[in-house]
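**Student:** Sequence:
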Amino acid sequence: MSSSCPSRLPSLLLFALLIACLVGASMGGDFLQDFDITWGDQRAKILNGGQLLTLSLDKDSGSGFRSKNEYLFGRIDMQIKLVSGNSAGTVTTFYLSSQGSTHDEIDFEFLGNVTGEPYIMHTNVFSQGKGNKEQQFHLWFDPTKAFHTYSIVWNQQRIIFLVDNIPIRVFHNSESIGVPFPTKQPMRIYSSLWNADDWATRGGLVKTDWTQAPFTASYRNFNANACVWSPGSSCTSASPNSVKDSTWQAQALDASGRNRLRWVQQKYMIYNYCTDLKRFPQGIPAECKRSRFL
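In case it helps, mature numbering (1 follows the signal peptide of the UniProt record, and there is no 0) puts the sequence shown at residues -28 to -1, 1 to 266.
Hints were generated in silico from the structure; no laboratory data involved. None of the values given here were measured: they were computed from a predicted structure. For every residue, glycine included, the Cβ atom is placed at its ideal position computed from N, Cα and C. It cannot be assumed that every hint is accurate.
[Unchecked claim] Using 30 angstroms as the maximum straight-line C-alpha spacing, the simulated DSSO-like pairs for lysine-lysine come out as follows:
(1) K40 to K179
(2) K105 to K40
(3) K117 to K156
(4) K261 to K239
(5) K239 to K31
(6) K261 to K105
(7) K40 to K156
(8) K117 to K17
(9) K250 to K239
(10) K156 to K31
(11) K117 to K102
(12) K40 to K53
(13) K179 to K117
(14) K102 to K156
(15) K105 to K53
(16) K261 to K179
(17) K117 to K250
(18) K156 to K179
(19) K105 to K239
(20) K53 to K179
(21) K179 to K31
(22) K239 to K17
(23) K261 to K117
(24) K250 to K102
[To be verified] Restraint ranges, calculated between C-beta atoms of paired labels, are given here:
(25) D226 to W11: 34 to 44 angstroms
(26) V86 to F119: 31 to 41 angstroms
(27) G255 to S148: 29 to 39 angstroms
(28) G103 to R174: 19 to 29 angstroms
Using the sequences and the hints given, assemble the complete structure.
**Tutor:** Now the structure itself:
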């Protein structure tokens, strides 16, 4: 139900109620309840009473889904098992996005490869329609053999990308120096599996082998501990314990988290827009001048 916030209360009580107004939760991982299949006909399937979702790609079409709810800040977790075998040319996505030409977006994209070669995990952040903030990684495990958890923490201070609760990237709110940051537009959760063999694998040199189709990615254990947005009202709360689960609102990296982030970025990062001087000959973007390990 919608929260309502009285305006005249002692400051500590008002602060507590404001926190309650900002927090909503959609718990549990029921794909039937939380998501709509948006394209792909029968290539997208919700199975096991809503506990499992699969997307498939063949030569005719891919498939995708999106959340019924829109969110304005929160922590979003999804367990994904990626396309196995020769996945070259395929792209599996998991991201948050608003709508329109000035949309905001927070991306995970998984670029397939030939058998035995590693996936590329691509990340990006868009704000007010502008992206170009890519970082790419290899993974320290085979993401096709088992489910792994991919998470986005989005609060007013920063965006944290995590894999199995290990931080791989932090994008700070640098609005104070003129860098747009997604703070005002609610976003839905999206995922898709589609063919991008014109660019996805070695710049399009390796094409999709359609003899291996259908290609399938699997999803389970979705969780959104987040502010569920609705027009004209405050965020709604689906759980009476949602305030207790609101650590995402100020989540940052402690010393252990910074060490793990440094390990991932030193050993597994394969592209960082912040170091691409050919792309930015006039100097790296302003937000890159902060330490990436903060």
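**Student:** Each hint should be assessed against the structure and marked as holding or not.
**Tutor:** Status of the hints after comparison with the structure:
1. Distance hint between K40 and K179 is unfulfilled; the C-alpha atoms sit about 34 angstroms from each other, more than 30 angstroms.
2. In summary, the hint linking K105 to K40 is supported, as the alpha carbons are separated by about 27 angstroms, within the 30 angstroms threshold.
3. About 38 angstroms separates the Cα atoms of K117 and K156, which puts this hinted pair outside 30 angstroms; it is violated.
4. Between the alpha carbons of K261 and K239 the distance comes to roughly 21 angstroms, so the proposed pair stays at or under 30 angstroms and holds.
5. For the given pair, K239 sits about 36 angstroms from K31 by alpha-carbon distance, which is inconsistent with the 30 angstroms threshold.
6. At roughly 13 angstroms between alpha-carbon atoms, K261 and K105 fall within 30 angstroms of each other, so this suggested pair holds.
7. Distance hint between K40 and K156 is fulfilled; the C-alpha atoms sit about 19 angstroms from each other, no more than 30 angstroms.
8. Note on K117 and K17: the hinted pairing holds, with a Cα-Cα distance of about 20 angstroms set against a maximum of 30 angstroms.
9. For the proposed pair K250 and K239, the alpha carbon gap of about 23 angstroms is at most 30 angstroms, so the pair holds.
10. Between K156 and K31 the alpha-carbon distance is near 39 angstroms, which puts this suggested pair outside the 30 angstroms criterion.
11. Restraint check for K117 and K102: the C-alpha separation of about 35 angstroms exceeds 30 angstroms, so the hint is violated.
12. Distance restraint check for K40 and K53: the Cα-Cα separation of roughly 22 angstroms lies within the 30 angstroms cut-off, and the hinted pair is therefore satisfied.
13. Proposed proximity of K179 and K117 is supported: the alpha carbons are some 23 angstroms apart, at most 30 angstroms.
14. A distance of roughly 15 angstroms separates the Cα atoms of K102 and K156; the hinted pair therefore holds under the 30 angstroms criterion.
15. As the CA atoms of K105 and K53 are separated by approximately 25 angstroms, the hinted pair is consistent with the 30 angstroms bound.
16. Distance check on the hinted pair: K261 and K179 sit about 38 angstroms apart at the alpha-carbon level, beyond 30 angstroms; violated.
17. A distance of roughly 37 angstroms separates the Cα atoms of K117 and K250; the hinted pair therefore is violated under the 30 angstroms criterion.
18. About 39 angstroms separates the Cα atoms of K156 and K179, which puts this hinted pair outside 30 angstroms; it is violated.
19. The straight-line distance between the Cα atoms of K105 and K239 is roughly 20 angstroms, inside the 30 angstroms bound, and the hint therefore holds.
20. For the hint linking K53 to K179, the alpha-carbon distance of about 22 angstroms falls within 30 angstroms, and the restraint holds.
21. Under the criterion of a C-alpha separation no larger than 30 angstroms, the hint pairing K179 with K31 is consistent with the structure, at around 12 angstroms.
22. Our distance criterion of 30 angstroms between C-alpha atoms is broken by K239 and K17, whose separation comes to about 36 angstroms.
23. About 38 angstroms separates the Cα atoms of K261 and K117, which puts this hinted pair outside 30 angstroms; it is violated.
24. For the hint linking K250 to K102, the alpha-carbon distance of about 19 angstroms falls within 30 angstroms, and the restraint holds.
25. For D226 and W11, the hinted distance range of 34 to 44 angstroms is satisfied, since their beta carbons lie about 41 angstroms from each other.
26. Under the hint 31 to 41 angstroms, the C-beta atoms of V86 and F119, about 23 angstroms apart, miss the expected range.
27. Range check, G255 to S148: about 19 angstroms between beta-carbon atoms, so the 29 to 39 angstroms window is missed.
28. Between G103 and R174 the C-beta distance comes to about 22 angstroms, which sits within the given range of 19 to 29 angstroms.
Hint violations for this structure: numbers 1, 3, 5, 10, 11, 16, 17, 18, 22, 23, 26 and 27, all remaining hints satisfied.
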